[in-house]
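What follows is the residue order along each chain.
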Amino acid sequence: MTLKLLIVDDSTVIRNRIARLCQDMRLPCLEIVGLAGDGRQALALAEQFRPQLVTMDLTMPQMDGDECISRIVDRLPETRILVVSALSDKATALKAIKKGAQGFLRKPFSDEQLVESLLELIR
Amino acid sequence: MEKRTHGWLGKYKELLAAITLFLVLDLGVLVFNTFTSHLIERDTALINTAGELRVYSQQLTKSLLTLRQEMQASEPIQSSLAELGEAHAAFTSALGQLRQAGQGSGLWRAPMDSSGQELLTQLDDYWGPIGEAAAPLLDNQHPAAMDVDGAVTKAVSRNVRLMQLADDLTRHLEEQAVSRAAWLRYIQVGAILLATLNFIFIVFKFIRRLLESDRQAESARRETRDILDTVREGLFLLGRDGRIGRQFSRSLPSLFGLPLQGGQPLEPLLQELLEEEQHEAARDYMDLLFNRKVKPALLEELNPLREVALKTQEGRRKGPSHLAFEFTQVQENGEVSALLVTVTDISRQMQLARELAVTEARAGSEVESLLAVLDQDPEQVRDFLQAGDTRLNLVNQALQDVKPDTRAYAELINQVFRGVHSIKGEAGALGLMDISAQAHQFEDLLTPLRRRHDLTGDDLIPIAFQVGELREKLARVQTVLARVNRQRQTEVGASHPFAELKKQIEHLALKVAEDLNKKVRIEVDFPSQAPDLDERLLRNLREMLPQLVRNAVAHGIEAEEERLQAGKFPEGTVRVEFLPAADGSLSLSVRDDGRGISCARIRARLLELGHTPERVQAMSEKELLACLFTPGFSLLEKAHEHAGRGVGLDLIRDMAARAGARLRLSTLPNTYTQFTLQFQPAP
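Protein chains in written order, with my numbering: chain A, 1 to 123; chain B, 124 to 806.
Hints listed in this document are in silico derivations from the structure and should not be mistaken for laboratory results. If you're wondering where the values come from, they're calculated on a predicted model, not measured in any experiment. Yeah, the Cβ is synthetic: ideal placement off N, Cα and C, and Gly gets one too. Take the hints with a grain of salt, since some may be wrong.
To be verified - Quick partial rundown of chain B residues pointing at chain A, CB under 10 Å, derived from the structure: (1) D166; (2) N282; (3) V283; (4) D410; (5) G554; (6) S559.
Assemble the whole structure, with the sequences as input and the hints as a guide.
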């Protein structure tokens with residue numbers, strides 16, 4: 001079964017990096033359905049494609065990750081969310097986990113760490 | 124498990140054996156009592172029987188005398204005869220029973236002893252002649268007087284002796300019964316004594332066992348106490364109700380610098396120790412720890428109190444400056460019942476780490492950072508540097524344009540934070556730790572400002588400084604990257620020194636077009652013979668060309684629909700030309716076949732920005748175009764990542780000025796826009 005993945009990060013570099021890694025055939029079970037640069041866009045894409053997995057940055061313009069997670073969890077309770085954020089965002093990450101995100105990946109991360117975190121989320 | 128059961132049995136083996144013995148003894152006494160009561164019953168019966176012999180002998184003698192008298196008086200003799208028969212039968216039967224008892228053996232028939240036997244034989248001997256003499260009278264209704272007289276004589280002569288013998292036997296049997304009862308009593312007392320001893324043994328064992336386990340528990344308590352008294356870490360159990368357990372290590376109050384009591388809630392203590400934000404994070408974290416659904420590995424990663432700086436407060440005794448909290452879940456029946464919390468003083472480590480960080484930063488983190496560029500995909504690094512540069516330009520611009528009021532300041536700080544945060548994340552991802560650290564430092568400056576509601580213009584001054592620092596770092600990486608690229612090209616014998624630059628701007632143009640949903644073809648025409656360019660010029664080119672190309676795609680080229688309406692091909696063209704002239708000067712042009720720049724639009728925009736209509740109308744075409752180079756001026760109403768915030772042209776103008784180049788702009792509405800940079804030959 002293919003799992004739909006939405007990548008949310010306000011940094012193009014990070015967005016592209018995650019996308020490229022997922023397409024690198026190392027995670028053939030993932031299909032990237034969207035790349036969002038802010039929370040509002042993320043929410044729209046999530047509602048449109050109903051992804052099973054979301055990688056979520058926390059500090060973003062328009063709507064920050066925290067609120068975005070609340071809304072996604074509210075509307076798509078089956079969706080699993082991996083928070084991808086810097087260590088200084090620990091307090092925010094805790095809130096995100098409390099709101100229903102299932103994983104946390106610290107920035108900066110290695111390719112292996114990303115793959116491992118996504119696999120952990122699928123398990 | 125089996126071993127454990129075995130051990131458990133072993134532990135109580137003695138006690139079990141003693142209890143079994145106690146039960147066996149009790150049962151034995153019960154059985155023996157039953158047996159004894161049976162014997163006593165039989166002895167009593169025998170004594171009674173022996174006693175009855177005397178009565179029957181008397182009765183028989185009396186009935187014989189009565190019979191003789193009645194016969195002499197010729198009176199009816201039936202009742203005397205009947206009485207005689209009864210007495211005779213009773214005596215014979217009683218004697219038979221005694222004889223049987225005398226002959227009997229086995230458990231239930233205790234044999235009569237020899238003296239008893241002898242008395243019984245004598246009784247038998249004395250009774251024999253009387254019985255025989257009386258026998259013929261019994262079956263005869265009219266006995267002969269002679270027979271009666273014979274019987275009377277025998278009975279009278281023997282009756283006294285017979286009664287004596289019966290008395291002797293009775294007494295003998297009584298004595299025998301008494302002695303047996305005494306013997307049985309001894310046995311009973313002995314057994315009960317044994318059972319009591321056994322009971323005492325059980326009680327003794329039990330008490331000893333109890334004392335032993337009490338001693339062990341006490342010893343365990345003492346060990347725990349010793350550990351808690353000596354361990355340097357703060358140790359305590361935190362219950363689901365958020366209260367500290369009754370036992371905690373002695374060092375805990377000094378680590379907290381606060382007096383502590385078991386059962387005290389932890390939360391107010393943390394509130395006193397930690398900054399509000401951390402305190403809140405700690406509360407969230409502890410909630411999560413009691414939630415079994417969250418994975419332990421994730422929890423470990425998220426611990427916000429792994430390294431935490433304590434608030435300095437006057438009320439608190441002097442304690443450590445930094446603490447580390449570790450939480451371990453204590454599970455019971457699959458639920459988290461409590462948390463084992465370990466608190467360590469890490470003030471010294473933090474101090475050392477700070478010193479080390481300073482030393483490292485001085486020594487070579489920048490070099491490390493610059494070297495990291497070599498390991499990365501050059502395109503990604505270039506994207507990062509461009510994006511970073513743009514972000515910092517926007518920040519600079521925003522700093523200049525910000526309205527002097529608190530709300531605007533707050534919005535600005537948030538905008539800056541987001542920009543810096545992105546730079547930090549991206550730098551981290553690319554391993555540019557020096558830049559990441561600089562951005563982090565910047566964030567540290569911004570974080571308290573974000574929480575304040577009384578910002579003033581003075582608060583923005585350090586921001587401008589930090590922007591400068593960060594820009595400098597980015598520029599250094601840019602320089603290193605450029606050098607490395609040039610070196611690479613030299614090493615591989617690349618035929619074209621601009622190959623890298625060409626690739627870069629092609630990539631950039633397509634990316635910007637894709638982001639803005641436009642169709643663009645990029646043509647880059649560089650001379651086939653590499654001109655001998657000095658490094659400064661090359662750096663200028665690398666800085667300016669991307670900005671010009673970005674502008675061309677973002678501002679110049681129209682959206683597909685607009686182009687079709689204007690009768691153009693849906694795909695726009697951006698052409699970059701680099702021409703070395705014979706006199707040594709160089710010209711670089713970037714031309715797009717887009718909408719051109721309409722002076723009417725510039726006028727309209729100027730009016731929107733609040734310029735007076737008279738002034739705007741009076742401006743010449745040249746003056747209007749010059750406005751495009753004013754900082755903060757943009758024709759786009761809505762800003763996006765690639766343009767529209769009024770940065771770009773003013774920046775290019777500055778760069779050109781610094782590089783000593785002339786910047787020219789020519790445009791025709793709906794047809795083209797061309798920027799040309801004329802570099803003077805190197806002296």
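Outcome of the hint check:
1. Given hint, D166 (chain B) at the interface with chain A, is violated; its Cβ is 89 Å from that chain's nearest Cβ, farther than 10 Å.
2. With its C-beta approaching chain A no nearer than about 116 Å, N282 (chain B) sits outside the 10 Å limit, and its interface hint is violated.
3. This hint is violated: V283 (chain B) has a C-beta 116 Å from the nearest C-beta of chain A, more than the 10 Å allowed.
4. A least Cβ separation of about 7 Å between D410 (chain B) and chain A falls short of the 10 Å threshold, and the interface hint therefore holds.
5. Among the interface hints, the one on G554 (chain B) holds; its C-beta lies about 7 Å from the nearest C-beta in chain A, closer than the 10 Å criterion.
6. Nearest Cβ of chain A to the Cβ of S559 (chain B): about 7 Å, under the 10 Å cut. The hint holds.
Hints 1, 2, 3 from the earlier list are contradicted by this structure; the remaining hints agree with it.
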